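> Sequence:
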Amino acid sequence: MSSISSEYSEKEELMNALSHGIGLLMSIAGLILLINKGMYQSNVEYTVSLIVFGVSLIMVYGTSTAYHWVKNPKLKQMCKVFDHVAIYFLIAGTYTPFTLITLGDTWGWWMFGIIWTLALIGTIFKLFFTGRFNLVSTLLYVAMGWLALIVTRPLIQSLDWDGFLLLAAGGAVYTLGTLFYLAERLPYNHAVWHIFVIGGSVLHFLSIFLYVKPPIGV
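Anchor point for the sequence shown: position 171 equals 171 in the working numbering, and the numbering is continuous, going up by one each time.
Hints in this document: simulated from the structure, not taken from any laboratory. None of these values were measured; they are calculated from a predicted model. The beta-carbon is built from N, C-alpha and C at its ideal position, and this holds for glycine as well. Treat the hints with caution; some may be incorrect.
With a cut-off of at most 30 Å between alpha-carbon atoms, the simulated BS3-like pairs for lysine-lysine come out as follows [as the list claims (entries may be wrong)]:
1) Lys37 / Lys213
2) Lys11 / Lys74
3) Lys76 / Lys11
4) Lys71 / Lys11
Label-pair ranges, simulated between beta-carbon atoms [to be verified]:
5) Asn43 / Pro73: 44 to 50 Å
6) Asn43 / Asp162: 18 to 24 Å
7) Leu186 / Trp110: 35 to 41 Å
Can you build the whole structure from these sequences, using the hints too?
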């Protein structure tokens with residue numbers, strides 16, 4: 001994920017690329033695990049929701065790694081656009097298993113529609129305004145992430161407590177990481193932000209992989 005400032009030292013940019021390069025490898029492994037788990041279920045929505053989440057992880061870590069690794073200015077700018085857009089897809093992709101499977105019914109489908117609509121709006125915004133209004137973008141990322149507060153009660157009722165704690169902890173780690181994302185003057189702030197992103201992803205992966213389950217008998 002690219003920072004508000006695009007100016008990094010060579011060492012910082014290397015750390016930026018390597019940190020999310022590790023995240024990319026973890027995401028590929030995670031997608032394999034998710035596909036393997038989904039294959040043993042007859043619930044199509046469950047399997048698809050797991051794959052959507054796994055692919056969204058690969059999108060984020062893949063585009064971020066590419067952005068920080070490439071040197072060509074034009075290619076780097078293109079990667080930056082996809083990097084920003086991928087964040088919206090990760091947020092929506094993470095919501096997908098919880099909305100379609102854990103919540104389901106009216107609450108789940110409403111949240112699914114709202115979050116993906118916001119992701120598409122954010123995508124259009126980034127395609128035309130990449131590198132501008134970054135504070136607004138960051139606030140939108142955080143707001144989308146914590147939109148889950150609206151469905152806290154039905155989530156607690158439908159999700160095991162440990163799964164809910166992992167979900168909340170992941171959101172907290174992502175949010176805390178944005179403080180480093182915005183701290184432009186702090187050396188290696190972006191690499192630190194990347195570590196927080198990986199931490200949040202791991203917590204959400206565990207919540208989904210271990211505690212999001214298809215309806216019994218389906």
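> Going back to the hint list, which numbers does this structure go against?
none
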